[in-house]
Amino acid sequence: MTPAIELIGIDKRFGAVHANNDVSLSIAKSSIHGIIGENGAGKSTLMSILFGFYAADKGEIKVQGKTVKVNSSTDAIALGIGMVHQHFMLVDPFTVLENVILGAEGGALIGPALAKARAELKRLADEYELDVDPDAIVGELPVGLQQRVEILKALYKGADVLILDEPTGVLTPDEADHLFRILQQLRNQGKTVILITHKLREIMAITDHVSVMRRGEMVATKETAKTSLEELAELMVGRRVLMHVEKGAAHPGEVVLDVKNLVWRDRKGTPRVDGVSFQVRKGEIVGIAGVSGNGQSELLDVITGIAKATSGTVLFEGEDITDLNDPSILRRRGMAHVPEDRQHRGLITSFSAAESAILGWQNDAGLGRSYHLNRNAVIERCRKQMEEFDVRPADPLLKSSKFSGGNQQKLILAREIGSNPDLLIVGQPTRGVDIGAIEFIHKRLIHLRDMGKAILLVSVELDEIRSLSDRILVMFAGRVMGERGPDADERELGLLMAGVVKDAA
Amino acid sequence: MSARGELPTWVDVGLIPLINLVLALLISGLVVVIIGENPFQALGIMLHGALGSLKGWSYMFYYATNFIFTGLAVAVAFHAGLFNIGGDGQAYVAGLGAATPGLILGGALAAILPAGISQPITLFVALMGSILFGAFWAFVPGYLQAKRGSHIVITTIMFNFIASSLMVYLINNVFRPITSMAVESKAINDAYILNFREIGRLIGMKLPSSPLNPVVFLAFIAAFIIWYLLWRTKLGYELRAVGANSEAAIYAGIKPSRIIMIAMAISGGLAGLVAFNEILGVQHRLLLDFVGGAGFVGIAVALMGRSHPLGIVLSALLFGLLYQGGTELSFAIQSISRDMIVVIQGLVILFMGALEDAFRPSLTALFFKVEE
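In order, the protein sequence lines correspond to chains Z and X.
Take 30 as the starting number for the first sequence in my numbering and just add one per residue.
Take 5 as the starting number for the second sequence in my numbering and just add one per residue.
Hints are supplied without guarantee of correctness; some may be wrong.
Unchecked claim - Label pairs and their computed distance ranges (CB to CB):
{"hint": "1", "chain 1": "X", "residue 1": "Ser261", "chain 2": "Z", "residue 2": "Ala406", "range": "22 to 32 Å"}
{"hint": "2", "chain 1": "X", "residue 1": "Met162", "chain 2": "Z", "residue 2": "His373", "range": "26 to 36 Å"}
{"hint": "3", "chain 1": "Z", "residue 1": "Pro171", "chain 2": "X", "residue 2": "Leu22", "range": "51 to 61 Å"}
Claimed, not checked - Computed footprint of chain Z on chain X; a stretch qualifies when at least three of its residues, placed anywhere within it, have a C-beta under 8 Å from a C-beta of chain Z:
{"hint": "4", "segment": "229 to 240"}
{"hint": "5", "segment": "254 to 267"}
Calculated directly from the structure, the hints in this document are not laboratory data.
Here a beta-carbon is modelled for each residue, glycine too, at the ideal position from N, C-alpha and C.
Next comes chain Z alone, as it looks inside the complex (with noise of 0.2 Å):
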């Protein structure tokens, strides 16, 4: 039987970022079929190209059998492609027939689409178990109910395959239920569903298949039957070499960071951060693995000062700095931040090197006296962290979008290390940076350890977080999944990064 789509030798490059890399994939007719990989691993890069959202730079799609150019969504729908974003295209104050026809008005008047509209939804509502009220304000529905819009203007264009974006991201268990029947009474009656998650629950229920993806390439295809949970996180997760950072053992000496219950909700008053407790002492790094998007950037925001806590607290050095709010006054205490975000948060791109070298730290005395900024202590200062740090070109007055990643990010190590902190926080602190700067980063941050700093870590790159750290805890969903040693197994973490926990099973 002809394959619903196939995808042969894509290959999409952003900048230095190889984001799909010779990906090819087939897809059965009347299946469900996964693709699971870690945030950043070409997942959504490589739907988009199916889309019509990119353009390949290589490579070639077929919609059944027949070799197609998707310039446009437009094109893909005319395919009968359609696609569930994670974040969704609704105009809220329409209605929900208003939201259906959008994009296939069909003239200058809708009363027709509209009428023809109520039919088809009523069809739909029976068949596959979309029941919406057509006349419902969009906005005012619940999360589940506007995906399900979303799903029939999918279908109400004609669909016949159905790509998901990490549908379950915002839904509760029982909304996902909802929707993986949903699901498969599509396949049931012939369509084609591609479900993009990092959920391994979630593939296991449902998929007929499964590809796995892992820094840009397609890793494995597997019939979902014939694998299991322990091979996939393995897959997903990968068994990279595991680089090798010397290092002795810790003596990890009094709490510097106590976080007990804290908790932070979003505006729609989700708890991200749901609960979480852990000590951070004196010569000891704390790893936190898991990932990206289950509550660490939240967690991060909340111990630095630049999001309030809902509840819990924070203890830094004995005091509580939970309602505090304030970066400034606490690095002048002695908190480093290495931020997760380096091109819009570690340092400002429109600004010289020496510029960028002072973020956050422009009020320090040596930098000129009260209101005044020494510009030549200022370039100094950078030259010196430069020199320190290797960073190339060693020019405090080129711009800082010049300098490649490894480099911007050893400016900003420079920048928070060079200020002897008592606790360093650092975020994915070698995302998109070069293996020789890894190294380099890796050995300063365990310099840093054998001073007597306190470090807690976060990356989602779980080699990284074993070989660097002397506790590891997993995020998942906004709470620790638990503790474990740095030698604790890399599928057992795998598991834990995927929310099952093994011990309460």
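Chain X: place on chain Z using the hints.
This is chain X only, laid out in the frame that chain Z set:
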């Protein structure tokens, strides 16, 4: 070795403004042709009108004085990521701060002190008054943006209208002497900035008549101070950080809401200096619409000057030239009205602001082709 898509500085701050200016002039030339006049003759009259005599030069610098103030006002806000369109209203309201000390305090001081002492004191108070009133009128929209999220573009535009109504009311009902028919205050003689012609007369030098007065030096000093503030102080660093990347600024512990309010106050204070120049150095009374649209010209000046004080001084002089030359042009050729300058000004804003990105890609492409 610049990254792709980034032009060298000289293209960015020199060539692009120049291309935009030339295009604006070309299209204005077309308008002149449509009117039925010779564009080259028109250009010649304009240049001669501004640069052909000491009087022309004086007027050019007089116009430029106001434009430097308003251009700097727009630029300071712009560096903090804000678009202050309310320069006109801020300068207008600042008229209260400029005029009141001369009307009330000046007389009292003059009664007890010799003029050589009372005048400078009154002028200093008036200077502070101009800055403070202008700053206040910009601070309120800044506060609303920082604390309530009201968009600064909308609020500053609305504040222009409020300023206009408020000033008409105050000048008519408070400042106008009861016996006077003209809607203006009585003459302010106790805070009087002599213009250069008057100063020249004192020392026996004959200078052409023009409103140009020593406040022009204040404009150059202000440009230097703003440059210093932005690139040599911690506040300036924080201000630019908020404008360039507010998320990074928050990470650094800078409070954007605080910076927004400070930047707007500085911006309004600069616009307020227009009132100091116009009321105490030129008109010597508080009158209706004394700002004359300088606040809006400031937007074009700042855009053209790339929001850098040096660029602003240069582009303010250019606009001063256009204004003075345009006035001469409307005298010389009856069918061309003074509004021709507004057309050119509008075209410059259009090319610098709205259409800038239209030329940038092709220019970038061209530039890298040549470089390779």
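Hint-by-hint comparison with the structure:
1. For X:Ser261 paired with Z:Ala406, a C-beta distance near 29 Å keeps the hint of 22 to 32 Å intact.
2. Range check, X:Met162 to Z:His373: Cβ separation about 33 Å, and the 26 to 36 Å hint holds.
3. With their beta carbons about 57 Å apart, Z:Pro171 and X:Leu22 fall inside the hinted range of 51 to 61 Å.
4. With 6 residues bearing a CB less than 8 Å from a CB of chain Z, the segment 229 to 240 of chain X meets the requirement of three and the coverage assertion stands.
5. Given as covered by chain Z, the segment 254 to 267 of chain X passes the check, having 5 residues with a CB less than 8 Å from a CB of that chain where 3 are the minimum.
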